[in-house]
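J.: The lines below spell out each chain.
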Amino acid sequence: MNIRELFTSSAIDPASLEARFVAGEMPAMEEIMENFEKGIYQVGLRLFARPDLAADFCHDVFIKIHEKRHRFNPAKPLKPWIFRVAVNLGRDRLRRQREVPLDDPRIQEPEVGPQSENDLLAEETKAQVWKAMKLLKPIHREVLALRFSSDLKLHEIAHALNISLGTAKVRLFRGLKAFEEVFVQIGGDTNGL
Amino acid sequence: MACKPFADKLEAYCLGMLSAEEKARVQQHVQTCGPCQRKLALHQKAVGLIAKAFDQNPPDDLRSKVMAHLQDVKAQKTHWGYWAAPGLVSVAVLLLIIKIQPGQIVKKQAMEAARVKQESTPPMPSAPQLAQQPKIELAGKVKAAKETTKKKASAGLAETKPLANIAAAIESEETKDVRQRSSKYPADEYLFAPAAAGMPPAVALESGPEKRGEYGAPAEAGDARLSRAQAVPPVMLSEDAKTDDAIKAGGPMKSEALGQPKAGDNKKVMAPLLSLVEIKGEMDRAQVLRELGKLNHMLADRIKQDGEVKTVRMTIAVDRQGKIISPAFAGPAFNSSQLNQYIIDEIKTLHFDQPQDSLPATVIIAIEVK
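Chains A and B supply the protein sequences, listed in that same order. In terms of our numbering, the first sequence opens at residue 1 and continues consecutively. In terms of our numbering, the second sequence opens at residue 1 and continues consecutively.
Just chain A, same shape as in the assembly (with noise of 0.2 Å):
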């Protein structure tokens, strides 16, 4: 079915969200943003433990799916699209990052600015997750990104990888048994594990 054959099958409403996408509204767009720019930002973040790349790449990936807008098939859900347009380009950016070893300064912490040792122990915890983040298999990392950044389900999760429901449970169960033998290896606070 092409585009035109799309908008004027009766499954199509002209006036939803993803048929007014595909037709290239900005307000469609910018509705698309409001509802998963957080998503995407925070799956950025855990994908890249740094701030500057995770605003990039999420800026980066709202333009990438108004470019291949047309490539999407109104009928069906935005959601799990959009993640795999995300997913595809976070792994060519993450393809492009070197290995980086256990005690290398580039990985950055968050900024932190506590106000009571709480606080303290809180932002240090903080920066202990993020470096284990950093630390993590690429395939890993993006897999917990998904789960924890939109609240995917399970087969969103797989749809959004391109993987078997098998394969994504796997993963999920294997990314985070490393995030915690990582988060120990560093010295994270086991107590707050």
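Think of the hints as simulated: they come from the structure by calculation, not from any bench. Since the structure is predicted, the reported quantities are computational estimates derived from the model, not experimental observations. Just so you know, not all the hints are guaranteed correct.
Derived lysine to any residue pairs resembling SDA-like cross-links, with alpha carbons at most 20 Å apart [what the hints assert, rightly or not]:
1) Lys39(B) / Arg25(B)
2) Lys45(B) / Gly187(A)
3) Lys280(B) / Arg91(A)
4) Lys304(B) / Asn340(B)
5) Lys65(B) / Lys126(A)
6) Lys68(A) / Pro51(A)
7) Lys153(A) / Gln44(B)
8) Lys177(A) / Lys39(B)
9) Lys23(B) / Lys64(A)
10) Lys68(A) / Lys39(B)
11) Lys126(A) / Asp52(A)
12) Lys68(A) / Val277(B)
13) Lys68(A) / Asp72(B)
14) Lys370(B) / Gln305(B)
15) Lys64(A) / Gln71(B)
16) Lys65(B) / Pro51(A)
17) Lys64(A) / Ile344(B)
18) Lys153(A) / Asp8(B)
19) Lys280(B) / Arg95(A)
20) Lys45(B) / Asp61(B)
Dock chain B against the given chain A, drawing on the hints supplied.
T.: Quick look at chain B alone, frame taken from chain A:
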């Protein structure tokens, strides 16, 4: 052990992947099992940390920056035409079109004879031809292509030419080298006929390295960022280095004059229209084009034998050493599994140079048979 059934369930419990019934069973078990209770607590804390540590909002100006970028692109498209818009993304997209009319063997002698007869009329795409294009956005592209073609003509640059003139134009040293290197087809017997008239001009974009992203993040090595870049006109597959220079100089748009079958011409060939859609990664485009030219030759006879009329798209993964590791169909393949396997085998015989950033790359092609 009573714990065995729950070996996988503890992580799933913490990740919210269990049904209500399964959750209840896990809760019941951990009440009486110390080790599982400790493991569950460990997983829960890890999940909590991952969930909370990255719970941040994006920058306040993200949305406005994206919308401003999109508005800018839209405005540029309207004013200059699609491929001349500087605000387009820097994904390297080269749509190269070579089309040989089905049922027609284009031989050098025929081309020579055609050149004499076709001196006069440059075949511009007609409205009916344009209207038949499957994609909505092509109409705007082609209209803009006409305008740009006229502008380039006034600058004295080459533009849409008759079949014979284009044939002469592509009889370059590079083309001869391509054919001579092809072991399956004798040199000088077959030519790349010029691409079809009416085919839309493609957007070819430079994937130049961007120093910094929108939020100041420094570009990493080989990072093909989406950024504003100069769009360049498309090229003919056979033009190789010469056309590559033309691209860089913002050179002419080579067309796309369809070799229409003529009355009395009984020689037939069904050859594919091979398009280079995109290169993901840093590769020598001219070299990729030369290699794909061989593929076009190889497919010509085989497509003729099978008689399939279809368009397929393929991705060719290239490893760090330039070795082709997994050619695959991106979507439906040809109906004939033998033809599909033949194409994959032939692609594997191609040789791409090592990607310039020593990272894996992907070449995406479209094979259209009409």
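J.: Straight-line Cα separation of Lys280(B) and Arg95(A) no greater than 20 Å?
T.: Between Lys280(B) and Arg95(A) the Cα gap is close to 12 Å, so the pair holds against 20 Å.
J.: Take the C-alpha atoms of Lys64(A) and Gln71(B), compute the straight-line distance between them, and say whether it is at most 20 Å.
T.: holds, 14 Å
J.: Sort out whether Asp61(B) lies within 20 Å of Lys45(B), counting only the CA atoms.
T.: violated, 33 Å
J.: Lys280(B) and Arg91(A) were given as a pair; does the straight-line alpha-carbon distance stay at or below 20 Å?
T.: Holds, at about 12 Å.
J.: Given the hinted pair Lys65(B) and Pro51(A), is their Cα-Cα distance within 20 Å?
T.: holds, 16 Å
J.: Assess, step by step, whether the Cα of Lys177(A) is no farther than 20 Å from the Cα of Lys39(B), and give holds or violated.
T.: holds, 11 Å
J.: With a cut-off of 20 Å on the C-alpha distance, tell me whether Lys68(A) and Pro51(A) pass.
T.: violated, 25 Å
J.: Hint check: Lys370(B) vs Gln305(B), CA-CA at most 20 Å. Holds or violated?
T.: Holds, at about 14 Å.
J.: For the pair we were handed, Lys23(B) and Lys64(A), check the Cα-Cα distance against 20 Å.
T.: violated, 40 Å
J.: Taking 20 Å as the top limit, are the C-alpha atoms of Lys126(A) and Asp52(A) close enough?
T.: holds, 17 Å
J.: Keeping to a limit of 20 Å between CA atoms, is the pair of Lys304(B) and Asn340(B) held or broken?
T.: With a Cα-Cα distance of about 14 Å, the restraint between Lys304(B) and Asn340(B) holds, given a limit of 20 Å.
J.: Below or equal to 20 Å on CA atoms is what counts here, so check Lys153(A) against Gln44(B).
T.: holds, 18 Å
In the structure shown, a violation is registered for the earlier hints numbered 5, 6, 9, 10, 17, 20, in ascending order.
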